[in-house]
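2 protein chains.
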Amino acid sequence: MFRINENYLKLKAGYLFPEIGRRVKAFTDANPDAQVIRLGIGDVTEPLPTAVTDAMKAAIDDLSNRDSFHGYGPEQGYSFLRDAIAAHDYQNRGVNVSADEIFVSDGSKCDTGNILDILGSDNKIAITDPVYPVYVDTNVMAGHTGPADANGRFDGLVYLPVTAENNFVADLPSESVDIIYLCYPNNPTGTVATRETLQKWVDYAQQNNSLIMYDAAYEAFISDDSIPRSIFEIEGAREVAIEFRSFSKSIGFTGVRCAFAVIPTELKVTASCGTVVSLHQLWNRRQSTKFNGASYVVQRGAAGAYTPEGRQQMKSLVDFYMTNAKLLREGLQSVGITVFGGEHAPYVWLQTPNGLSSWDFFDLLLSKGHLVGTPGSGFGAAGEGYFRLSAFNSRENVKTALERFKSVVQ
Amino acid sequence: MFRINENYLKLKAGYLFPEIGRRVKAFTDANPDAQVIRLGIGDVTEPLPTAVTDAMKAAIDDLSNRDSFHGYGPEQGYSFLRDAIAAHDYQNRGVNVSADEIFVSDGSKCDTGNILDILGSDNKIAITDPVYPVYVDTNVMAGHTGPADANGRFDGLVYLPVTAENNFVADLPSESVDIIYLCYPNNPTGTVATRETLQKWVDYAQQNNSLIMYDAAYEAFISDDSIPRSIFEIEGAREVAIEFRSFSKSIGFTGVRCAFAVIPTELKVTASCGTVVSLHQLWNRRQSTKFNGASYVVQRGAAGAYTPEGRQQMKSLVDFYMTNAKLLREGLQSVGITVFGGEHAPYVWLQTPNGLSSWDFFDLLLSKGHLVGTPGSGFGAAGEGYFRLSAFNSRENVKTALERFKSVVQ
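From first to last, the protein sequence lines stand for chains H and F.
When we follow this note's numbering, the leftmost residue of the first sequence carries the number 948, and every step to the right adds one.
When we follow this note's numbering, the leftmost residue of the second sequence carries the number 948, and every step to the right adds one.
Extracted from the complex, chain H is given alone in its bound form (with noise of 0.2 Å):
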């Protein structure tokens, strides 16, 4: 009899978002005229840049010709893009990374699950506290934990609580791990770290043999050149960590789908039986096995975001949904709402009024104020009490909003 893997019956039923779907929904049904607006899940709302349409459309002109006509592509991606990459997101920032360290894919979400796939078993993880769920639910599919508590928090994995009494900033383990999952700018807290504090991360992973697991998801919606963008401009970086950025942010392409990890070859450990192994290498082999690269089409249309009319059109629509989140953070306290994040990330975390839960929070927005937003807890247990709102909409859907969430509070 052919057998399933049983880790997965360790999840918990409901991913966040379908929970939230779930009640959204219910709501919706029970109140068909209510105009529902959605700052919960972080899904972009304006149109891509036409440098990156051009661009894609002149990739299907290529594929519409014999003689430009592209099949299989390098599993890795194409050096057009993995080239613009390497200049413009590291080299030309001082940051020393090449194209050939770069793996172009369809998404961070599957780079940061399907690393696993090159990791053992047998890593002690650590996550920060709240937390983006796919890290936590990917390690439990792979078997990385016992069952969850209570409190959703699964057996063998290291939380490091991040809230307003650490100022987001989290310590490092008491106990010895084997990696650690950092995200910055962060989701869900919006917040972001130091070059210090990335110092003291990257110290600890050479100190104890670690790999740090690097989301620079948000990198473009920082806005201020003291801080860090990349890992890798931190000193001893390039021997201890991953790097995964995408596009689905910074140029709408979370309906395209393309993104990036950096490996860099001074990446290595060694295998019980002695030999020094490049996680580069295995990566690639992994790549090139269980992949067969993100589209033409979309790498074409991500490459035109590096030509200089598209970094002006990513600039634009970055900061209009920074102008957003500033709208956002500025309207909540101005009712007296406690606010972190959204000044260097799409996001705000609030803290909720009165000691509501995050759900309770949520339900009440939902029905008093027609507004879908991200319970905290949702994210892990030290998100309890705290909720998100998301950037990416309408500027007006943004004002509308407002004036109900004050509505609802005051």
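Treat each hint with caution, since some may be false.
Just so you know, same-sequence chains aren't split out, so a pair can sit in one copy or run between any two.
[To be verified] Distance condition first, Cα-Cα at most 25 Å in a straight line; then the derived SDA-like pairs of lysine to any residue:
no., residue 1, residue 2
1, K1353, Y1019
2, K1071, A1089
3, K1215, G1067
4, K1071, D1118
Bear in mind the hints are in silico, worked out from the structure with no lab data behind them.
Given chain H, put chain F in place with the hints provided.
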């Protein structure tokens, strides 16, 4: 210290196609004027159908306007595509598959590899030999095998030889196996399975509670209605099989990336705790957690192939390649080569002349004919003495290749 997945160290150094690439590069470096014709890798060469490119451009226009913008799509694929697949590929042919049993993805290579995520680590796995190398390598990487022997056969896998001796129909395993990979029309042999053969496998799976992984990536090339295009044409298959299909070869999507898997709701297994688990639900959870859907633009393109115009254009593409296959078959036979396949598949499988080994024949064809094919032994030990030619090329190249082939073997 963090640990890697050491199962990767069991993999043989060269995946087949990189080794071919290495030898071709060595030859062309030494013979820069040689006009090499590649009939090796199964990659399409002809332009995309206009019904597909028009749909993709319209999708880009959708993404260029706020009102028609699409962000994150359903991880399972858009209804417009799932509905079209269910209707045209299954229901209109009298096959019981519903739209919500279809999971759209970015490729069958990904699907056939990733499906192992939801399966246990203690299954006995059978593959035919020769076989598409991805089935083997992904199982090695997942730790489902021991090390390889001198023939490249991995300990723990059950190899079922398919050769001219058994008319390319594998015998049922003498031991009970849990998972069986079947691919029809077959890659690499180009042969097909009759209804009776598939019924025998479904009956075996029913009796042994086995799971059939049915790879039908080449079903569009079947020209005889008596040959099953889907495992779900077979009585009982909905309880024992998963089917994988791809747009790569039928509409030239090797660089565009779209495929799908079909997991019937009847496919269930009892976990060790006694819970009955639906594989459909497990895969849904896997995809929701580790995948974000295929690109909207790409899904619109695939849906374009289901319009009346698209159907006709797809048929023309398939006919074009199948005329190439017919030319190859007949041309090789005319000089006394024994050939198989190529009638309902874009691959011709030939016996090497004069008892040459597969790689010796590869080197002979390359050096004397400037032709690249694929050595049968690269697909498994039982492929030794065979050689694969792909029909994916321009008509002119196929004709030139045939003349060169004849001059080499005569």
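Evaluation of the provided hints:
1. K1353 with Y1019: neither (53 Å within a copy, 29 Å between copies)
2. K1071 with A1089: Both, since 13 Å and 20 Å are each at most 25 Å.
3. K1215 with G1067: within (14 Å within a copy, 29 Å between copies)
4. K1071 with D1118: within (16 Å within a copy, 45 Å between copies)
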